[in-house]
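> Below are the chains, spelled out letter by letter.
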Amino acid sequence: MIAVASLSRRYDHVRALEDVSFEIASGAALAVVGPSGSGKTTLLRLIAGLEQPDAGEVLLDGCVVSRPGWSLAPHRRGVGLVFQTPALWPHMTVAQNILFGLRGLPSAEARARLEALLVRTGLKGLERRYPHQLSGGQARRVALARALAPRPRFLLLDEPLTNLDARLRDDMLELILAAAQEAAATLLYVTHRMEEAARVASRVLTLEAGRVVGIEEP
Amino acid sequence: MLWLGRRAGLIAFGLVILAPWGGLLLAALQSGVRWRDWLLLALPRGRSLHLLTSSLSLAGAVAVLGMSSGTIAATFLWRRRRLGRVLRWLPLALLPIPPYIHALAWNAAGAATGRLVQRLGLPVPAVDPWIASCWMQWMALLPLAVGLALVGLESVEERAVESATLLRPDGDVWRCIILPLAAPALAAGGGLLFALSLGDYSVPSLFGMSVYALDIFAEFSASGEPARAAALATPLLLLTGGVTLALQGRLRQAAQAPAQRSCVLALRSPLWLCVMQALAVALLVLQATVLLGALFLATQSAARFISALASARREIVYTAWLAALAGALALPLALASASGLARGGRSGLLWWLLVVLPLAAPPPLVGIGLIALYNQPIGVDVYALGALPVLANLARFAPIAALVVLAQTRRLDPQLLEAARLLQRRPWQAPLEVHLPLLAPGLLAAAALVFSFTAGELGATLIVAPPGSATLTLRIYNYLHYGASADVAGLCLALAMCALLGGGVAAATLGTWNRRLARGGEP
Amino acid sequence: MRRLVLIIVLALALPLACSCAPKPPTVVVYTSVDQVYAEPVLNAFAERTGIRVQPVFDVEATKTTGLANRLIAEKNHPRADVWWSGEFAQTMRLEAEGVLAPYDSPAAADIPAAYRDPGFFWTGVAGRARVLLVNTKLLTPEQYPRNLRDLLDEHLPGGQIGIAYPLFGTTATHAAALYAAWGRDAARGYFARLQARGVRVVDGNSVVRDMVAQGQLACGLTDTDDACGAVEKGAPVEILFPDQEEGGLGTLVIPGTVALVAGAPHPQQARMLIDYLVSAEVERQLVASGWCQVPLRSTIAPPACPPGPAPRGMAVSLEAVWQQTEAASADLREVFVR
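Chains as they are written, first to last, in this note's numbering: chain A, 1 to 218; chain B, 1 to 523; chain C, 1 to 338.
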């Protein structure tokens, strides 16, 4: 379960989020829509622990993980995050990028998970390539595989289909939905396209100027 | 038009860097070619080979120690708001103070500690000249190392760090992501420290350690022939060139990230890194305390400080003008050469060599080369215009500006520039109204570095300074004959304050600019 | 933004614009005399004559590769009018390179002939002498070295003795004088033994002085002006002229030199400045200020520091010393830079 209570965040004098509250049940999905600058990305970053709130709390499975002045380290939250850009590490191969989050697992198990993810995301045969040797679509799939590898309980996606053509977008969306379902992860999906939101989640939260203006079931 | 401007800039950069060497070559050819002598000098053997190896070991140790401690201190300062912001500008203030003054301050501190130890009845250990030289150069270059490491860390893409913090503890993020991604820039910084240590004879000779750079000066002093000194300096040039060749692939990768978000969390360092950070920051603070403490103590009183300033007002004005002019003129050259450095293949490599080689050139040869060039019938009285000191400092430090501007160029989103070029109504609109403002932080940093280095330059400036005009550093060295006197200390403090003031103006402008740029992005 | 750029450009260009204004008569002097001593002398000349003096001062840190090499490099387009040096070896080198022009200054008529170039290419002025500086807390008078050979004596540990690199400055000139007095083999042997004894070779005469004054060294070889600086500051030191015993070698007296640059852009003003610099008045002023401890004119009383009678100089001509500089430099690089 992801719960957000009265969450606020300002940058200098700019209000990014103001008193945002909602809940997503375990295994459920919520899409967040809103125009550019409405605070969608900030919301994801606060839940992932990449920033601290100025007010309010973030709870994951009922435990407070962020409040003003304190936050649980991002890697302890069980969160997978896919950014708008793939943000792959350029000095690592595809396999190394995916294996990065699997340290601590026995190497045979890590290998098996890597193989499964490569097959699942259609990246088999590309594991030795470096990010600059991949196409845009391939890089997105690596970013998704990397986020899924540690089997996160919460999957956060920040406009993961931006800049992909229609066919690639469809493929990628199918992949995301299937992977989230398989992992039984709670899904928070940020987009500014209403039809995409409707395909991903049964509930859609709309943000405007940092405030929640409605939660609907399309 | 843009193409023409860039081409002209590239040619101007090449001319400025190569001018002293051209002058030296012409003078050598005119005074008679003695290839055999020059070749023998250029091939280190016996005594000179031994000197070269010991100098290389010293420079290597200083580069490794300096860059690793500088990097660790920088990991502490990076992303910190209050303390970090203040400490960040400390390196710039200490940069123009000559290494020799750093060494004198440490020497005084060492002597005082020795006396204390003696009073306690304990034996005072004798310090090996190599160790003493290494420590002093390390300390003198530490502020620069911290600054270079900060530039390296800033080049790491923010998203790459954030992706990793979601998956592994911060210690792993440092080790596996941040340091490898910053490695090219850190290696470039290490190379710069190596070159600076290799060229400095003043600190080692204070402790009676002979280095290869001293031998070059001894040769020049004895023979008075620049060609012989240049021949003796050839191994240093070749070594620097070789290192550039080996590293150039990595150097090109330095700083390829887009601009940073302004609001990020500081990483939580693991215990081992915390301990090392504490040690490295303590070392930086200790270095600043010893230096500034020794200078304040030696200055004795505010009245002495003010009288030292008053007596040097002409030098202060000339230094500020010369350093500002060099800083400003370095920018168009750096902008043009950054495009040369970004090229691939052989031409890119040539540009890299052109940028790196001046770092290994003995400074007086740069001055002598320019005078030799002036002696040729070139038709322009650059001497009368007082332009030679500016040219000499550009020949020495424009390459450093080029590297900083290259790093900033790599951080720009090319689409921003492409969009501007498509939409512009006049050919100068995109470069002036979009490109330059976006590059402003890098340009300011480059200008501040050239300003600081020029203010502290000695060897080349002495050779070409116009009669009646001297820099503050020339005056400091002239007064040094009397040891660490109140005047020397007061002038050094004035130099540090000049740099701090320049740095402060740069920081304030940068801060305003960054805020303006940040407002343009999504919050 | 554009306005800011304009302001910066104008501010930077201002000094260039100012340089186009009409100029008063000028003389350019390159000098290796320390700025604190040279500046008052040059200012007094400017005030008296109305001639603007534009000096370029040398610094010790460039290891004598500074102004002398600049003069040689500028030989075809001279910028300097007058060369005023704190010693004589570089001046003789400049003469040999053809950088200087002859000028027989009437103001130098009362300077002994030994300190004037027979061809009038340079004129000697009051100078300094080489001395042994001892720390009175570390050595008793019985232990004081009295001559240079005492520095090889076993009772003084090598690590307690300091000299500057004998490749640069007055220490190099001193080494060349020993080459002239003792012969190449003996002099080279002497320095090799100093090196083998572990004598501390440091960055300059001022460092020798500081280390002796602070007790880091028991004694060292330096110049009178440096040594007197330590005495003035109240350091526990004593100054000794070496080799003053009956039949002894004597110490090296290093006169300053003044010369006219060949092709000087302002020859008339240059001669006026030379006349002033070699005058008895300036000699007296430099002795009083502490730059010179060995006046050349017998009419000028030696200063209070160093105390005692004027030193006996080495019986070698300045020309003979200059002849040895190249050999000494080549040998001593092998001995000390390793």
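Honestly, I wouldn't trust all of these hints.
[To be verified] Negatives, chain A to chain B, calculated, CB over 12 Å:
1) Phe22
2) Gly56
3) Ala87
4) Leu134
5) Ala143
[Stated by the list, open to error] Okay, the calculated bits of chain A under chain B, using three or more residues with CB under 8 Å as the criterion:
6) 90-100
7) 173-186
These are computed hints drawn from the structure, not numbers from a lab.
Glycine included, C-beta positions come from ideal geometry on N, C-alpha and C.
> Check whether three or more residues of the region 173-186 of chain A sit with their beta carbon closer than 8 Å to a beta carbon of chain B.
violated (count 0)
> Since glycine 56 of chain A was said not to touch the interface, does its Cβ keep a gap of more than 12 Å from each Cβ of chain B?
holds (17 Å)
> Regarding the assertion that phenylalanine 22 of chain A does not contact chain B, is the least Cβ-Cβ distance greater than 12 Å?
holds (20 Å)
> Grab the minimum beta-carbon distance between alanine 143 of chain A and chain B and tell me whether it stays above 12 Å.
violated (8 Å)
> Can the region 90-100 of chain A be counted as covered by chain B under the rule of three residues or more with Cβ-Cβ separation shorter than 8 Å?
That given contact holds, which follows from 3 residues of the region 90-100 of chain A lying within Cβ reach (below 8 Å) of chain B.
> Taking the shortest Cβ-to-Cβ distance between leucine 134 of chain A and chain B, state whether it exceeds 12 Å.
holds (15 Å)
> Was alanine 87 of chain A rightly flagged as not at the interface, with every chain B Cβ beyond 12 Å?
violated (3 Å)
The structure is inconsistent with the numbered hints 3, 5 and 7, although it conforms to all the rest.
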